[in-house]
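Turn these sequences into a full structure, and let the hints steer you where they fit.
According to this note's numbering, the sequence shown is numbered sequentially starting from 5.
Source of the hints: derived by calculation from the structure; they are not laboratory data.
All C-beta atoms, glycine included, are put in the ideal place defined by N, C-alpha and C.
So the derived label-pair ranges between C-beta atoms look like this:
no. : residue 1 : residue 2 : range
1   : 111       : 210       : 42 to 50 angstroms
2   : 123       : 152       : 19 to 27 angstroms
3   : 43        : 211       : 47 to 55 angstroms
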Amino acid sequence: MNMPELEPFDFKTASESDLKKEYDRIASEMIDDQYAIEIYFTMEMFENFKELPSILQDGEQVLAFCSGYAFGKDHALLGGITTDGETWFIVVTDKRILFINTGKFSGLQQISIDFDNVNAVSGSEKLMFGEIRIQDGDTERIIKWVPKKMIKPFTYAAQDAMEKRKKANAQSISPTPSNDRYAQLEKLAELKEKGIISEEEFIQEKKKILAKDT
Numbered sequence: 005m006n007m008p009e010l011e012p013f014d015f016k017t018a019s020e021s022d023l024k025k026e027y028d029r030i031a032s033e034m035i036d037d038q039y040a041i042e043i044y045f046t047m048e049m050f051e052n053f054k055e056l057p058s059i060l061q062d063g064e065q066v067l068a069f070c071s072g073y074a075f076g077k078d079h080a081l082l083g084g085i086t087t088d089g090e091t092w093f094i095v096v097t098d099k100r101i102l103f104i105n106t107g108k109f110s111g112l113q114q115i116s117i118d119f120d121n122v123n124a125v126s127g128s129e130k131l132m133f134g135e136i137r138i139q140d141g142d143t144e145r146i147i148k149w150v151p152k153k154m155i156k157p158f159t160y161a162a163q164d165a166m167e168k169r170k171k172a173n174a175q176s177i178s179p180t181p182s183n184d185r186y187a188q189l190e191k192l193a194e195l196k197e198k199g200i201i202s203e204e205e206f207i208q209e210k211k212k213i214l215a216k217d218t
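What follows is the structure, given as structure tokens:
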């Protein structure tokens with residue numbers, strides 16, 4: 005599912021009122037139900053959203069966000085940070101996935117996962133809530149108690165951003181003069197090793213590179 009193209013929003017210079025408008029815009033794109041928006045997109049989530057200008061890179065755009073209890077593989081640690089019993093704000097941008105926690109006692113905590121390192125993002129729904137799973141190499145990060153209506157928009161946004169990153173990486177290894185053939189093949193093998201492209205895509209791109217030099 006392709007997400008709509010974004011009108012660039014400058015987080016770095018935005019006022020609080022501008023941030024609230026952008027927060028509301030993204031929420032309305034994720035869920036077409038004003039009653040559900042008022043329930044799920046809380047002021048507590050907006051307090052986390054207000055931290056984004058200090059976290060995002062220049063020009064980085066927010067595609068979707070949600071909140072839930074985040075766990076690492078052992079259900080206690082996430083990127084070395086204890087998360088048990090705490091709600092995290094999880095953001096999909098056009099570059100990465102961010103985990104943000106502005107706990108009263110722990111202060112601002114954040115974890116960033118670049119899309120080059122994300123293997124898969126999936127979601128499952130139950131009656132009112134569900135969970136989102138993010139596969140990052142050998143690490144599976146689980147976000148539980150996510151409102152059901154947030155799960156598909158969040159996972160679709162992440163999957164779409166991953167696909168765009170994959171295409172951009174593929175373009176970066178497009179055929180160039182023959183003396184660069186080995187550099188192209190090395191880059192291709194690196195993308196395959198990271199799980200960004202599949203074995204089938206690796207073979208197809210390898211054939212293209214080799215064919216240009218015959």
